[in-house]
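J.: With the hints as constraints, model all of the structure from the sequences given.
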Amino acid sequence: MAKLTNRIQPDMIMQSYLVEAFKGVALVTRQFARNLFGRKDIVTVQYPEDRRPYTPRFRGKHLLTKRADDQVRCVACMLCSTACPANCITIVAAEHQDKDIEKYPTTFEIDLLKCIYCGFCEEACPCDAIRMDSGVHTLPTLTRRDQKSGKIDLLGLAKLSTSAQGGEFRAHDHAGTQHGQSTPH
Amino acid sequence: MPTTGNLILDTVLYTLVKFAGFVLVFAMGVATVLTWLERKYSAVLQNRIGPNRANFGKFRLGGLLHMIADPIKMLFKEDFTPDTPNPWMFRLAPFVAFVPALVVFSVIPFGPGEKMMVANTELGILFIFAIASLNVYGAVMGAWASNNKWSLMGGLRISAQMISYEVAIGLTLCGIFMIYGSTDLQDIVVQQGQLLWGMVPAWGIVTQPVAFVLYLACAIAENKRAPFDVAEAEAELTAGYWTEYSAMGFGLLAISEFVEVVLIGCLGATLFLGGWQIPGVHGDSVPLVALQIGAFLFKALFLIWLQMTIRWTLPRFRYDQVMRLGWRILLPLALVNLVGTGIVLTLIDRK
Ligand code: SF4
Ligand code: SF4
Numbered sequence: 001m002a003k004l005t006n007r008i009q010p011d012m013i014m015q016s017y018l019v020e021a022f023k024g025v026a027l028v029t030r031q032f033a034r035n036l037f038g039r040k041d042i043v044t045v046q047y048p049e050d051r052r053p054y055t056p057r058f059r060g061k062h063l064l065t066k067r068a069d070d071q072v073r074c075v076a077c078m079l080c081s082t083a084c085p086a087n088c089i090t091i092v093a094a095e096h097q098d099k100d101i102e103k104y105p106t107t108f109e110i111d112l113l114k115c116i117y118c119g120f121c122e123e124a125c126p127c128d129a130i131r132m133d134s135g136v137h138t139l140p141t142l143t144r145r146d147q148k149s150g151k152i153d154l155l156g157l158a159k160l161s162t163s164a165q166g167g168e169f170r171a172h173d174h175a176g177t178q179h180g181q182s183t184p185h
Numbered sequence: 001m002p003t004t005g006n007l008i009l010d011t012v013l014y015t016l017v018k019f020a021g022f023v024l025v026f027a028m029g030v031a032t033v034l035t036w037l038e039r040k041y042s043a044v045l046q047n048r049i050g051p052n053r054a055n056f057g058k059f060r061l062g063g064l065l066h067m068i069a070d071p072i073k074m075l076f077k078e079d080f081t082p083d084t085p086n087p088w089m090f091r092l093a094p095f096v097a098f099v100p101a102l103v104v105f106s107v108i109p110f111g112p113g114e115k116m117m118v119a120n121t122e123l124g125i126l127f128i129f130a131i132a133s134l135n136v137y138g139a140v141m142g143a144w145a146s147n148n149k150w151s152l153m154g155g156l157r158i159s160a161q162m163i164s165y166e167v168a169i170g171l172t173l174c175g176i177f178m179i180y181g182s183t184d185l186q187d188i189v190v191q192q193g194q195l196l197w198g199m200v201p202a203w204g205i206v207t208q209p210v211a212f213v214l215y216l217a218c219a220i221a222e223n224k225r226a227p228f229d230v231a232e233a234e235a236e237l238t239a240g241y242w243t244e245y246s247a248m249g250f251g252l253l254a255i256s257e258f259v260e261v262v263l264i265g266c267l268g269a270t271l272f273l274g275g276w277q278i279p280g281v282h283g284d285s286v287p288l289v290a291l292q293i294g295a296f297l298f299k300a301l302f303l304i305w306l307q308m309t310i311r312w313t314l315p316r317f318r319y320d321q322v323m324r325l326g327w328r329i330l331l332p333l334a335l336v337n338l339v340g341t342g343i344v345l346t347l348i349d350r351k
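First to last, the protein sequences are chains A and B. In terms of the working numbering, the first sequence opens at residue 1 and continues consecutively. In terms of the working numbering, the second sequence opens at residue 1 and continues consecutively.
Be a bit skeptical, because a hint or two may be false.
Unchecked claim - Derived BS3-like pairs: lysine-lysine, alpha-carbon spacing no greater than 27 Å straight-line: (1) B/K58 x B/K18; (2) A/K148 x A/K61; (3) A/K61 x A/K23; (4) B/K58 x A/K40; (5) B/K40 x A/K40; (6) A/K23 x A/K3; (7) B/K77 x A/K23.
Stated by the list, open to error - Derived DEER-like restraints, expressed as beta-carbon distance ranges: (8) B/P315 x A/R30: 16 to 22 Å; (9) B/L156 x A/P53: 48 to 54 Å; (10) A/L36 x B/P87: 21 to 27 Å; (11) B/S133 x A/H137: 39 to 45 Å; (12) A/V136 x B/F80: 22 to 28 Å; (13) A/Y47 x B/P315: 40 to 46 Å; (14) B/F80 x A/H137: 30 to 36 Å; (15) B/L24 x A/P56: 32 to 38 Å; (16) A/E123 x B/T81: 50 to 56 Å; (17) A/R30 x B/A160: 34 to 40 Å; (18) A/H96 x B/F59: 33 to 39 Å; (19) B/V344 x A/M14: 43 to 49 Å.
Don't read these hints as lab results, they were simulated from the structure. Backbone N, C-alpha and C fix where the C-beta goes; we use that ideal spot for every residue, glycine too.
T.: Structure representation (structure tokens):
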């Protein structure tokens, strides 16, 4: 296929550069005056003070969701750490008193320096226990150690999840749904 | 002999005061403000905000304090010397670049009368050429002593650029000498006070319009700023001749560029915009002289603004384009302008 380019053939006046340079100076000056006095076209966001809202789909720092009784929702099934391509989720499981729940994590640690924010963990999770819709992006820290986000930290951003767990509808998971902060995946 | 003593004291003191006032306060002051203004101006015309964070408690003054914050930052940064056989040359280079840029201000008349210039010399413009060309040595020395190939390339480019444009600018200004018959800047300015055909002031821009354009182009090129920044060439040479400079060494090289911007403005105002002349205003009472000094500074500032706008408007030239523009376009134009001026002057003389 022929390539279509719309080139302006420069004529003598254009090639002399002088008129064009003058036009350019006029244009730039007009824009300057407009930004200074008139309608401002300024697009800069003054970052720490003003922030642009992230889209709802933004994958931010991870959060662990909670049950209605404030327990962590995660059942330590290791699916997320298995799915994780960066191998950055460390989970240590322990037995839960509730026989229906079976397990819970005693340690749940994500090394955010290794994480590539791919979102596979939240895709893999059968319990809607790990999510990335916190809208927080990872902030810089002074040490590497601080980038390992532990359970407490992840729960700090926690939201109440009301989605059915393990495919089975359980009434006590649904107490307090009136807040409805989350949507089932 | 007390009288001679007093005379010398007066002359020296007076010269020092003028030097401090014009060179240190005006030229350096404007150059310093330019370091901030350039960034702010370019930001606003590109729909950005520009530097505005430096503050003094609650006072930000629109970022004006950046011009103080920057030197402070530079003074405290590591002053790095690369592994080079010529460290002393590396250290010396910024000064060689900086001092000539300041010295040439001393022959620019900023007000009416013999006394309104730091050093009254008939050499005038020749002195400026001689000294201002020295500052390329600073850049070349620095480039060479950096022991860095980017710098070396930058250095070579500056020398080539300087040689090409020095010729063109010299020939361009010859037209001015021919018309006003003098190289003394004060003399040139005084003659620009005449009226042509009884109404137009005989400013350089009226008598030598082509030369004005050529002068601007060549002067900006000699100053190594965009669109002629092939020596610095952010894109292909990282920072060209000052790649290896850090801290105040870099600061000096950078500010000498801004001092040159001011110099080009002042010289352009002197040669082409009638210096301190205001059409229709003559006299030597104090307020009038003050007004004329103000007019000169205003014209200089206008040209500085023009340079800044051109710098942020035009895309940069490639190295070969710079050379072609210099040798094939500007130089022939300067020659044609020179010959044309000669013919016209001869015809006028005949009458
Ligand atoms: S976002 Fe991807 S890399 Fe990060 S923890 Fe989840 S699965 Fe691992
Ligand atoms: S996949 Fe979900 S439930 Fe399983 S360990 Fe990860 S976070 Fe916990």
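J.: Evaluate each hint against the coordinates.
T.: Verification of the supplied hints:
1. B/K58 x B/K18: Roughly 36 Å between the alpha carbons, so the hint for B/K58 and B/K18 is violated.
2. A/K148 x A/K61: With Cα atoms ~11 Å apart, A/K148 and A/K61 stay inside 27 Å; holds.
3. A/K61 x A/K23: violated (49 Å)
4. B/K58 x A/K40: At roughly 24 Å apart (the allowed maximum being 27 Å), A/K40 and B/K58 satisfy the hint.
5. B/K40 x A/K40: holds (15 Å)
6. A/K23 x A/K3: violated (31 Å)
7. B/K77 x A/K23: violated (42 Å)
8. B/P315 x A/R30: 16 to 22 Å: holds (19 Å)
9. B/L156 x A/P53: 48 to 54 Å: The hint (48 to 54 Å, Cβ to Cβ) holds, given that B/L156 and A/P53 are roughly 51 Å apart.
10. A/L36 x B/P87: 21 to 27 Å: violated (46 Å)
11. B/S133 x A/H137: 39 to 45 Å: Since the Cβ atoms of B/S133 and A/H137 sit about 53 Å apart, the hinted range of 39 to 45 Å is violated.
12. A/V136 x B/F80: 22 to 28 Å: 38 Å Cβ-Cβ, so the 22 to 28 Å window is violated.
13. A/Y47 x B/P315: 40 to 46 Å: Given about 29 Å between the Cβ atoms, the range is violated.
14. B/F80 x A/H137: 30 to 36 Å: With Cβ atoms ~34 Å apart, the hint holds.
15. B/L24 x A/P56: 32 to 38 Å: violated (59 Å)
16. A/E123 x B/T81: 50 to 56 Å: The hint (50 to 56 Å, Cβ to Cβ) holds, given that A/E123 and B/T81 are roughly 54 Å apart.
17. A/R30 x B/A160: 34 to 40 Å: holds (36 Å)
18. A/H96 x B/F59: 33 to 39 Å: violated (59 Å)
19. B/V344 x A/M14: 43 to 49 Å: violated (29 Å)
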